[in-house]
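*Asks:* From first to last, the protein sequence lines stand for chains A and B.
In terms of our numbering, the first sequence opens at residue 1 and continues consecutively.
In terms of our numbering, the second sequence opens at residue 1 and continues consecutively.
Simulated from the structure, these hints should not be mistaken for laboratory data.
Glycine included, each C-beta is placed from N, C-alpha and C at the ideal position.
Some hints here could point you the wrong way.
[What the hints assert, rightly or not] Just a few of them, taken from the derived set where beta-carbon distance is under 7 Å, the chain B residues facing chain A:
{"id": "1", "residue": "61"}
{"id": "2", "residue": "127"}
{"id": "3", "residue": "150"}
{"id": "4", "residue": "154"}
{"id": "5", "residue": "190"}
{"id": "6", "residue": "217"}
{"id": "7", "residue": "240"}
{"id": "8", "residue": "244"}
{"id": "9", "residue": "245"}
{"id": "10", "residue": "275"}
{"id": "11", "residue": "300"}
{"id": "12", "residue": "304"}
{"id": "13", "residue": "323"}
{"id": "14", "residue": "326"}
{"id": "15", "residue": "348"}
{"id": "16", "residue": "352"}
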Amino acid sequence: MATPSVVRPRSRPRISGLAWRRARWGYLFIAPWIVGFLAFTAIPIIASFVFTFSNINLEQAEPLQFVGLRNYQTLVSDQRTWDSLAVTLKFGLLALPIGVGLPFLVALLLHSRHLRAPGPFRILFFLPYVVPFVAGVFIWQGMLNADTGWLNGLLKFIGISHPPDWLQDPVWIYPGLVIMGIWGIGAGMIVYLAGLKGIPTDLYEAARIDGAGALQSLRHITIPMMSPVIFYTIVLGSVEVLQYFLVPLVLKNGTGEPGGSTNFFNLYLYQNFFTFQNMSYGATLAWLLFAITLGLTLLLFRSARYWVYYAGEAR
Amino acid sequence: MAQAPAAQLEDTAGVGWFRRSRVRAAESRQPRERGDRTRSFLLTLIAILAVAAFLSPMLRSVVYAVKSTDQITQAGTPLWPADPVTFQYQGKELPLLIVPLPDGTTRRLALFEPGRKVSTFIDPAAPDAAAITWQGSWRTLEQIWQFAPHWENFAKVWDLIDYPRLLFNTLAIAVISTIGTLLSCTLVAYGFARFRFPGRTLLFTLLIATIFLPTAVTIIPTYTVFQKLGWVGTWLPLLVPTFFANAYDVFLMRQYFMTIPTEMDEAAAIDGAGPFRTLISVILPQAWPVVIAVAIFHLVYAWNDFFGPLIYLSSNPDIQTIALGLQRFNGIHYRDPGLIQAGTLMTLIIPVIAFLLTQRFFTRGIVITGVEK
């Protein structure tokens, strides 16, 4: 028991000279990331946190100084911040379920053993994912045009005489943006396909022998077995939704039209930084976003234990 | 913003297409029941309809790109690109209309004198005969169109947008940043995959955590520093960070490296090869599918990136990328949807072709990554 190594204050067993040499190589190889992490992530995070307590801006009309909690006081009383958060929330409540559910449905379709030639379908459903997003915005802008768009053309054809003006109406803009977003289902679809492929087929066979129909199999086998993948898609999806603003930025030139309905939180944040050049308030908003993202992610991870099923933890 | 890399991470989560297609081939050899066939037909039909609806905006874009401005601005024109059919009369181009005549016949006549209540027409079959007078508003008559794609929209955009320059800029940025990504991510992924060192798990967790970090938290100080360095308005902010690895590609490559057996590493070590030499001559030759996958993903990502070029290159049109150029073009020519759609197609054609050509390649690369759930 009383070997010298146990007496050493470190609980970690002493590693040999050879292992140390290997470890040094390891550090050397990951050094580019360490440097990059410090330069482009760690130090900027700390810096932006410090910014929130200062009055730093690009013009710097008043002398640079610490202002305590002034930026946070501004934040609390800034109606535009809360309005823009509400916009992001409204959009997110619509976009997230569709962003999580639609790729799942497509993956189920593509995974079905009854589907002929799944390969070409998979390629075609993924294809718009590689379309540059600006190009996608302009394509959909035409597609959703109230007069010349094909969607309203179809709606009129089936008898809806006054289809919505998707991109000019402060209420219909949200479904409009969500429709534009369906071209991004490619990634989620592939993750789901991978997950579906990983479900052991004997589960389905057992269910069939027990007399379960397709819907029962879906509900009691597919969805529980897929819950880790669904969970993963929800987490990444909510992080993305909270940062959403580029599509309305291109579509509406950052004006927030129609009627402020596209004043997304991130748009307001970047306006504070790039347009008003107020770095400290921009940083305060960024930290608010960070806090919300972190809180939501933790909440989701908390909830995971109640509904996410991990088959055989030890893999 | 983080769309393209997200695919990279997600793809690694183990795509089973390759193996699945083989399983499917084995299944299809078994005799099928009649009910199976009906179901198969219905499901495939649904998939065809879904994919047609899904890609229909692309078709609309193609159609608009080859329509004339006249056709787009005029109401009641065909869905397909078309020009009005005309008839040459006394040195003028007269449009042909379908005219129902009082005697019950319908004839194709050239509109000579349009009027709100009375119009006169020329019969193209007998141009020398007297003009036909017709009562009623000519606007209610149906015009005759012929299929006529206007390819010149593409040529116009090519010049207006300075396409060759944008193409060069985009390609240069994409290639250099891909080289940076490949170099740095290979080294870092090798470090995480093959070496044990104190803090490895923590560092790897930290690496993955950066995926969830909102860009806004780091961009303000980073942008400010780039500006102080005089890098804003140059390519440097887009290129330099790629040489310091990123979470998605490191994760992808590490997963792949870990599937390569270590026996050959050990054999190489016994032969006196150092860690670096092992990477070059043992790991990389076996890892080329993931190297190609990362290269393609990053090329497409860099090609499609909008936010980076927007904040760093906006001040200087000469160094902009095609995504940014298209947005600028839209700001000027938004009244001309034909030109916008032509420009849009010219922006997306290269990544789409690159994807279609390499599709097989990278699916295979990713499939072998095989992160079994």
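*Asks:* Check each numbered hint from earlier against the structure, then list the numbers of those it violates in ascending order.
*Replies:* Going through the list in order, the structure violates hints 2, 3, 4, 7 and respects the others.
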